[in-house]
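Trainee: Start from chain H and add chain Y according to the hints.
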Amino acid sequence: MADDEAGTLEAERADDAERASATTTGGEPPRKGARAARGELPRLTRSGIGGLLAKIVLLGVLDAVVVWAVFVMAGLSMWIPIVIVLLITGLINWIYLGRGKRLPAKYLTPGVVFLMVFQVFVILYSGYIAFTNYSDGHNGSKTDAIAAISANGLKRVPDSPAYPVNIVERGSHLYLLATDPKDGTARVGTTDEPLRVVKNATFEDGKATKAPGYVTLNLSQVLDRQDEITALSVPLSTNPNDGALRTDDASTAYVYRSDLVYDKTADTFTNSSGTVFVDNGEGEFATKDGSQVLSPGWKINVGFANFKEAFTNSQIAGPLWRVILWTFAFALLSVITTFAVGLFLAMVLNHPKLRGKKIYRVLVILPYAFPAFLSGLVWAGMLNPEFGFINQVLFGGAQIPWLTNAWLARLSVIGVNLWLGYPYMFLVCTGALQSLPEEVDEAARVDGASPWRIFRAIKLPLLLVSVAPLLIASFAFNFNNFNVIYMLTKGWPRFTDTTLDIGSTDLLITMVYKIAFGQGGVRDYGLASALSILIFILVAVVSIIAFRRTKTLEEIN
Amino acid sequence: MTIEESLEFMDAPRARSSESDRTPRRRRRFRLGRWFAETGWRHLVAIVMVVIAVFPLLYVLSASLNPAGSLVGSNDLFQTISFENYVKLFQNPDQPFALWFVNTIVIGVVTAVFTVFLGALAAFSFSRMRFTGRRIGLLSLMLIQMFPQFLAVVAIFLLLSALGDVFPVLGLGSQLGLILVYLGGALGVNTYLMYGFFNTVPMSIDEAAKIDGASHAQIFFTIILRLVAPILAVVGLLSFIATTGEYVIASIVLTDPNTQTLAVGLYSFVSQQFSNNWSIFSAGAVLAALPVMIVFLLLQKHIVGGLTSGSVK
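In the order they appear, the protein sequences are chains H and Y.
Okay, so the first sequence: first residue is 771 according to the numbering used here, each after it adds one.
Okay, so the second sequence: first residue is 7 according to the numbering used here, each after it adds one.
Next up, chain H with everything else stripped away, as it sits in the complex (with noise of 0.2 angstroms):
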């Protein structure tokens, strides 16, 4: 079978032969033997029976793992998700078990699966979170909303039975294993599963102790465990009117009610007080003059309101805009100081006669060679306004805040930067310029130009061809660059005019970053999927323009 693909790639590569010597003159004839080699019998060799088996256990072993997580999903009820899985599985067996034609898509499949799932499908997704209101309160549907309010507010019911329980394990998740003081089964749930009967129970003193599955935890293990235990809350069936069964002990478990009472034919809310909540269209159940909202909601599309919100919202929009254009500012001044110092050190270092120069060309790479996260982090000590060694030492004991004043932040962070990024554009810029051909180089030396005007006039434009696509990937890398910005000032100081974590040096990705993360605050998935959407756009269109001018794009063949 392997040799029959083999036989494909030979065939087109035999055509290649062709078209590349009809273009070459005097180049080698197409190999015809080649051709004839496709009219042999297939062989099997002993490597082909090993690389066939290695095929069929490797594909064995995705389907089976398929199969099992077609299972779990259809538990869980994930419909879209098995057809997708499904279908992929299906077009991963279609292309190893065929011949022919699908020989490329056998090398190209394990990348390009994951690139599929972890790249791009990621990016199709943070487009979808970027239309809803996803966020720390809203990050369910509206049954888990439902259920979770429910849950909230349980009250021990006054004349609740008493149920025997035990804590059992599976997985890492612990369950109730419970026994009906009415009729004596066993049952066992957990948080977000109800009760249900389990056969087959070991029963001691009428008392569930076992259930087929799950492993019972012993005293210490519940001990350890406690915090987990209490918080269990089980509810007695899909019906969240009925209650839930808690307990305090791990012995003993009582059923608590919650004094919210959901009416399914209504769709509201009603407290012991007789206030009545009603879904108010945002994702919430809130009482009718919104005075009072219950948590959590749920998730719903809302349009553009993430990207209204970020551009009308007085707390967003002023500092969004103040963020937007430092990004740029600081993407563009880091290339551009990057490249003027890499460029000049190249230069000097760049001289026949220059005795050491093996010796400086590793000294100045190193700081490329220390992890960067690592250099915002020690550059932060050293610039430290009270203790750090700049201050104290460079500039005798004055306290100027490097980093706690807005534009001094902002000079700190281009110079820090720079001492990251000139090695790498250091180490560019020599290899383009020793690549120059020096005839051109000599013949204006002749005609009596400048060293000055060799540079602006000659070295300068053909080091700009060849360096170009690099300083427009620079470019898309310091507009994201994260690591020295969140490692350096975490984005700070921070603006006066916002109750939101974002400063002065924030870039969009902290800023993204700090939105969808930070500590404090609601966690707003929506809105920093929103702002990541803003992003791509940008570093679309920069790079288009770029690539367009430079037209690197074009020697691809």
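Derived from the structure by calculation, the hints contain no laboratory data.
Take the hints with a grain of salt, since some may be wrong.
Said to hold, decoys possible - FRET-style restraints, in silico, Cβ to Cβ:
no. : chain 1 : residue 1 : chain 2 : residue 2 : range
1   : H       : N1175     : Y       : I87       : 43 to 51 angstroms
2   : H       : L856      : Y       : Q279      : 50 to 58 angstroms
3   : H       : L856      : Y       : R141      : 28 to 36 angstroms
4   : H       : T1269     : Y       : R141      : 15 to 23 angstroms
Stated by the list, open to error - Here are a few chain H residues that sit away from chain Y, every Cβ distance over 12 angstroms (derived from the structure):
no. : residue
5   : F841
6   : K925
7   : R966
8   : E974
9   : Y984
10  : N988
11  : T1008
12  : D1019
13  : N1083
14  : L1103
15  : V1118
16  : L1124
17  : A1176
18  : R1223
19  : P1231
20  : A1310
Just so it is clear, CB atoms sit at the ideal spot from N, CA and C, and this is done for glycine as well.
Mentor: Below, chain Y alone, put in the same frame as chain H:
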């Protein structure tokens, strides 16, 4: 162009300059002014740059050897030398430095190995086969590298939390999940780099092997992979360096201190008590940076070749 030539173009001018060295020198008196105008000022600039480049590194080294412990105490460079901080670094159970170190190496190595493998597979097909969508594929890969993976960090977080419901081993908090996420970036940056290098291996080698009855898999695994070994090393190393320094995704996926990488662990350690933990942090920084710096400097020449063909730090 042979493989060696393409990697070692940094050395090209040395060959040129040695020629001029060999020509007999005119005997002339050493004149300071002339020397300075020609190469002297270059030494001056170079020395200033070396001081700027190396000083922060010496400062960390000095701080890590200083038993004073605090930020302000670290300003006396190399006054006292003791290894106290290095010992303390491994003793505090709240900051399991040894575990962070191991985690970083494991995640970095596994990611690098698979990145190289996936990238080489793709580069082989782009370089050796002609198929519909090949040009589009190469173009898309080139465009995709403009967008770092961590831009979609929110979606990655939510995807992993959903994945964790199906496969708990891949969910949030799992190193395996993190590695899978990193592998999503395997093709974007590296295939292009490898593709260029694969093209420098002549097709006639494949053809000869084919005539001898080798299958495409044999050609790939036993012939091509060996010939392109230098670029595999470069890509593996670049991937290792990128992975070990990655903070954004690692910080949201790895929440348990025992599973964290150096970037996440050291940051949370030093940001809590910036000034007081300084010396211990410095010791950690020195240990964390050493392996990467050593490998980088040893393979410097090869990395430079790889970098200048398209990847960026």
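Trainee: If you check the beta carbons of T1269(H) and R141(Y), does the distance land in 15 to 23 angstroms?
Mentor: violated (50 angstroms)
Trainee: Decide, holds or violated, for the assertion that all CB atoms of chain Y are farther than 12 angstroms from the CB of V1118(H).
Mentor: Non-interface label on V1118(H) violated, nearest chain Y Cβ at 5 angstroms vs cutoff 12 angstroms.
Trainee: So L1103(H) supposedly isn't at the interface. Is its beta-carbon more than 12 angstroms from every beta-carbon in chain Y?
Mentor: holds (17 angstroms)
Trainee: Does the Cβ distance between L856(H) and R141(Y) fall inside 28 to 36 angstroms?
Mentor: holds (31 angstroms)
Trainee: Against chain Y, does E974(H) keep a CB gap of more than 12 angstroms to every residue?
Mentor: holds (31 angstroms)
Trainee: Does the claim that L1124(H) lies off the interface hold, with its Cβ farther than 12 angstroms from every Cβ of chain Y?
Mentor: violated (5 angstroms)
Trainee: Please settle this one: K925(H) was flagged as non-interface, so is its CB more than 12 angstroms from every CB on chain Y?
Mentor: Answer for K925(H): holds, closest chain Y Cβ roughly 30 angstroms.
Trainee: Between the beta carbons of N1175(H) and I87(Y), is the distance compatible with 43 to 51 angstroms?
Mentor: violated (36 angstroms)
Trainee: Should the label of F841(H) as a non-interface residue stand, given a Cβ cut-off of 12 angstroms to chain Y?
Mentor: Not fine: 10 angstroms to the nearest Cβ puts F841(H) too close to chain Y.
Trainee: Is the Cβ of R1223(H) farther than 12 angstroms from every Cβ of chain Y?
Mentor: holds (18 angstroms)
Trainee: Should the label of P1231(H) as a non-interface residue stand, given a Cβ cut-off of 12 angstroms to chain Y?
Mentor: holds (19 angstroms)
Trainee: Does A1310(H) sit more than 12 angstroms from chain Y, CB to CB?
Mentor: violated (7 angstroms)
Consistency note: the structure conflicts with the earlier hints numbered 1, 4, 5, 15, 16 and 20.
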